[in-house]
Amino acid sequence: MEIGVFVGASILLVALIYATLNARYRNRRKDKLTDQMIRDRSSHDEK
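Sequential numbering from 271 applies to the sequence shown in the working numbering.
Derived by calculation from the structure, the hints in this document are not laboratory data. Be aware that one or more of the hints could be misleading.
[Stated by the list, open to error] Below, in silico cross-link-like pairs of lysine to any residue (SDA-like), each with a Cα-Cα straight-line distance of 25 Å or less:
1) Lys-302 <-> Thr-290
2) Lys-300 <-> Asp-310
3) Lys-302 <-> Ile-287
4) Lys-300 <-> Thr-290
5) Lys-302 <-> Tyr-288
6) Lys-300 <-> Ala-285
7) Lys-300 <-> Arg-311
8) Lys-302 <-> Leu-291
9) Lys-300 <-> Ser-313
10) Lys-300 <-> Ile-287
11) Lys-302 <-> Ser-313
12) Lys-300 <-> Leu-286
13) Lys-300 <-> Ala-289
14) Lys-302 <-> Ala-289
15) Lys-302 <-> Asn-292
16) Lys-300 <-> Tyr-288
17) Lys-302 <-> Ser-312
18) Lys-300 <-> Ser-312
[What the hints assert, rightly or not] Just the calculated beta-carbon pair ranges, DEER-fashion:
19) Gln-306 <-> Ile-281: 36 to 42 Å
20) Ala-285 <-> Arg-309: 33 to 39 Å
21) Arg-311 <-> Leu-282: 39 to 45 Å
Every residue, glycine too, gets a C-beta built ideally from N, C-alpha and C.
Make a model of the complete structure from these sequences and hints.
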């Protein structure tokens, strides 16, 4: 019984850490893409 609780808690902890890191890196990539799109639009509007 105790082993099952430990395994369950470990799986939840790993899932939480993975989700947090995944969201952080995904947002950085999204921000870079958004910044590039804004720069492209600005340079296109100036021409």
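Output the numbers, in ascending order, of every earlier hint that fails for this structure. No numbers; nothing is violated.
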